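Colleague: I would like the entire structure built from these sequences, with the hints used as guidance.
Those protein sequence lines, which keep their order, are chains D and A.
Just so you know, the first sequence maps onto residues 9 to 582 in the numbering used here.
Just so you know, the second sequence maps onto residues -6 to 153 in the numbering used here.
To be clear, the hints were calculated from the coordinates, so they are not data collected in a lab.
Please note that a few of the clues may not be correct.
The calculated label-pair distances, taken between Cβ atoms and stated as ranges, are [as the list claims (entries may be wrong)]:
#  : chain 1 : residue 1 : chain 2 : residue 2 : range
1  : D       : N116      : A       : N49       : 34 to 40 Å
2  : A       : E111      : D       : P139      : 23 to 29 Å
3  : D       : N495      : A       : R6        : 27 to 33 Å
4  : D       : D218      : A       : E111      : 54 to 60 Å
5  : D       : K355      : A       : R16       : 55 to 61 Å
6  : A       : E9        : D       : G299      : 36 to 42 Å
7  : D       : P139      : A       : R74       : 51 to 57 Å
8  : A       : K7        : D       : N495      : 30 to 36 Å
9  : A       : Y84       : D       : R581      : 25 to 31 Å
10 : D       : T110      : A       : A10       : 43 to 49 Å
11 : A       : Y62       : D       : E107      : 31 to 37 Å
No more than 20 Å apart at the CA atoms, straight line, and that leaves these computed lysine to any residue pairs for SDA-like [claimed, not checked]:
#  : chain 1 : residue 1 : chain 2 : residue 2
12 : A       : K70       : D       : F190
13 : D       : K488      : A       : T5
14 : A       : K42       : A       : T5
Being a predicted model, the structure only gives us computed values, none of them experimental.
Each residue gets a CB set at the ideal place from its N, CA and C atoms; glycine is no exception.
Listed below are the residues making up each chain.
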Amino acid sequence: MSLINITIDGRPVQVPPGTTILEAARKAGVKIPTLCYLEELSVIGACRLCLVQVEGARTLVAACVAQAGEGMVVHTNTPAVRQARRVNLELILSNHPRECLTCLRNTNCELQRLAAELGVDQVRFEGEMSPYGVDDSSPALVRDPRKCVLCRRCVAVCSEVQGVSAIAVQERGFDTVVAPAFLAPLGEVSCVNCGQCSLVCPTAAIHERDQTAEVWAALADPEKHVVVQTAPAVRVSVGEMFGLEPGSIVTGKLVAALRRLGFDRVFDTDFAADLTIMEEANEFIHRLQNGGPLPLITSCSPGWIKFIEHFYPQLLPNLSTCKSPQQMFGALAKTYYAQRAGIDPAKIFVVSIMPCTAKKFEARRPEMRASGYWDVDVVLTTRELGRMIKQAGFDFASLPEEDYDEPLGISTGAGAIFGATGGVMEAALRTAYELLTGATLLSLDFEEVRGLKGIKEAVVGVNGCEVRVAVANGLDNARKVLDTVINGEKEYHFIEIMACPGGCIGGGGQPIPTNRETRARRVAAIYQVDRQLPLRKSHENPAVQALYREFLGKPSGHKSHELLHTHYTPRERF
Amino acid sequence: MAVTCQCGGERTRKLEALLDRYRGQPQALIQVLHQAQEIYGYLPREVLKKVSLALNVPLSQVYGVVSFYSFFTIHPKGRHRISVCKGTACYVRGAEQLLEHLREELRIKPGETTADGEFSLEVVRCLGACGLGPVIMVDEDVHARVMPERIPDILSAYRS
Ligand code: SF4
Ligand code: SF4
Ligand code: SF4
Ligand code: FES
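Modeller: Here is the structure:
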């Protein structure tokens, strides 16, 4: 394949045929502004902010769409180009509520940044504002069509990556809006609350439901004993909210920040992840030895749970009955911990810090009251916690490193890797293998199930049997795996599914931007956390062992079933 | 209610035949919606759901197409159909104000039907009566040189 020679701002570049001018420019280190463009997913050429001048062309061309041609000479920085981009942005801003000061995306908004970078110093057109109001019907996400620039990035993610297509472009002309069918409220359709749309939205047109006020109120209430749990993925991402490198491991600073915010106990979801592995590995062994139903499919990703309830209800018996670590933690905080600490569970307020918007929905499922109260009171995303820390005025980077509280803060590397795609599978295999064989694993690293590939497979030899496993991340990949299972093409014993690309580290509540690069660096950090921990197998967690001894009895026992297991609800397709 | 049942059954049969013909063919969406609208006179929600499943097009995208093209409607037609001409001649002579009055009087937008099922409202390009503008048609009757004040009288003649 011969390469194409093109010159961008005087710099020669060689690119393969089919490369767009934008991609070529990035290769040459030339920055071209974009808004509607979403790498690998959506190229609709709508915003016209990426205009460039091509010598010989009559009009300016959109660099995200136009392909590089042999001998092409491109200028990205002429007065005409700058002027045209600015006018186009002005047009976009003409019907945008310019309320940056009070906006959730203030200082982290692509539209705002572009206005600054392109030097928009006035908006000469006053367009009519969107006729649609705010939609806050969803427990996880808020839609604000007034702030929508119709870039359709959310639509592309929802359909291509998640295979859900809860939202699409509706109506036309001035009435055009991104919304569910029939303009129904988001909370009433088969949206799975994954929040991937909120990660790619350049503005605040679709964002997490902000519940920081509820947590501030609980912290200020002297009657309440407020405990917090932090999901595995948060410790490798929250630093990004404060300008640290993606993938910085900030576990100790995170704990310190939470303590300074006023939480009475700082616990770790990783502890509950170890517990989940005890229950799930036992469930797997039981199903393996008692005729199924197999494949067993993991159940810790609430976006995935709602997805299967809507789209594959026939496979619900295959789901593990284990609650997610967040919900196991909540149930134990208001029973086991309350008892041990001698605190009235009615006074305990459980906050979760999660990389995930769907966890907000999960916490309000009616079955999540095993303790007699809401097991989890409020779920905050990583982004919301970041905002609280900023509001408190802490200089995050210079906080000291502190340790989690005992006993619900003790965890192993197996709990930590829950945060990355393949991690639950790997953690379960570490435990199931040793329980089944009675032997000690020589290598704990199941490399085949690691990494950002959408679908991964592995075969593990256990007692002379072959255990076939699959791991999928991103719900469209989940669809592909399930379809091969349903049509008999593939037979697996165990499948791990995470709704979000990359697993929880790429969750819909994570810092923005979350893209291929940040995902990769967070995954690397997760496995580093695992490597650095003295214990890396869930069944070796002393706090989990004590919990079974003092309180639960044995895995899959009576009390476990009461507190740690759940059931699912088939839902309508639409 | 044997009568409605039969009629419903007939339509359902036709729809099922239509969907069978195009099952698994997302590219046939517009065609199928057209024919479904011919069967029902409009596009009921349940029909759109069936189309979505049969053609394997997500419902949000089906609705996107339906709401984009003005010839599709999700509202059943009223007993009386009001068409407002917005051809150039009528437009110049005040069709816009006329439409505005009708919208207020009926409390519906073009493409919709009043809550009592009496009237549906639509905008057409030219009724070919340019000399008589502004013109509206109610069912088969042409009303010429309509002044907004006359609207209540015209409508009440059709009310059952
Ligand atoms: S979405 Fe962005 S540009 Fe719009 S008000 Fe919010 S911060 Fe400002
Ligand atoms: S939360 Fe997920 S399923 Fe719901 S609209 Fe956004 S991307 Fe689609
Ligand atoms: S909601 Fe956000 S991502 Fe979706 S079209 Fe509007 S601006 Fe773009
Ligand atoms: S980024 Fe090229 S047109 Fe929007």
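Colleague: Look at each hint and say if it fits the structure.
Modeller: How the hints compare with the structure:
1. D/N116 - A/N49: 34 to 40 Å: 38 Å, holds
2. A/E111 - D/P139: 23 to 29 Å: 26 Å, holds
3. D/N495 - A/R6: 27 to 33 Å: 30 Å, holds
4. D/D218 - A/E111: 54 to 60 Å: 46 Å, violated
5. D/K355 - A/R16: 55 to 61 Å: Check passed, 58 Å falls within 55 to 61 Å.
6. A/E9 - D/G299: 36 to 42 Å: 40 Å, holds
7. D/P139 - A/R74: 51 to 57 Å: 26 Å, violated
8. A/K7 - D/N495: 30 to 36 Å: Since A/K7 and D/N495 have Cβ atoms about 31 Å apart, the given range 30 to 36 Å holds.
9. A/Y84 - D/R581: 25 to 31 Å: 44 Å, violated
10. D/T110 - A/A10: 43 to 49 Å: At 56 Å between Cβs, range violated.
11. A/Y62 - D/E107: 31 to 37 Å: For A/Y62 and D/E107 the Cβ distance comes to about 34 Å; the hint holds.
12. A/K70 - D/F190: The given pair, whose Cα atoms are some 18 Å apart, holds under the 20 Å limit.
13. D/K488 - A/T5: Not satisfied, since the Cα-Cα distance of roughly 32 Å exceeds 20 Å.
14. A/K42 - A/T5: At roughly 13 Å apart (the allowed maximum being 20 Å), A/T5 and A/K42 satisfy the hint.
Of the hints listed earlier, those the structure fails to meet are numbers 4, 7, 9, 10 and 13, in rising order.
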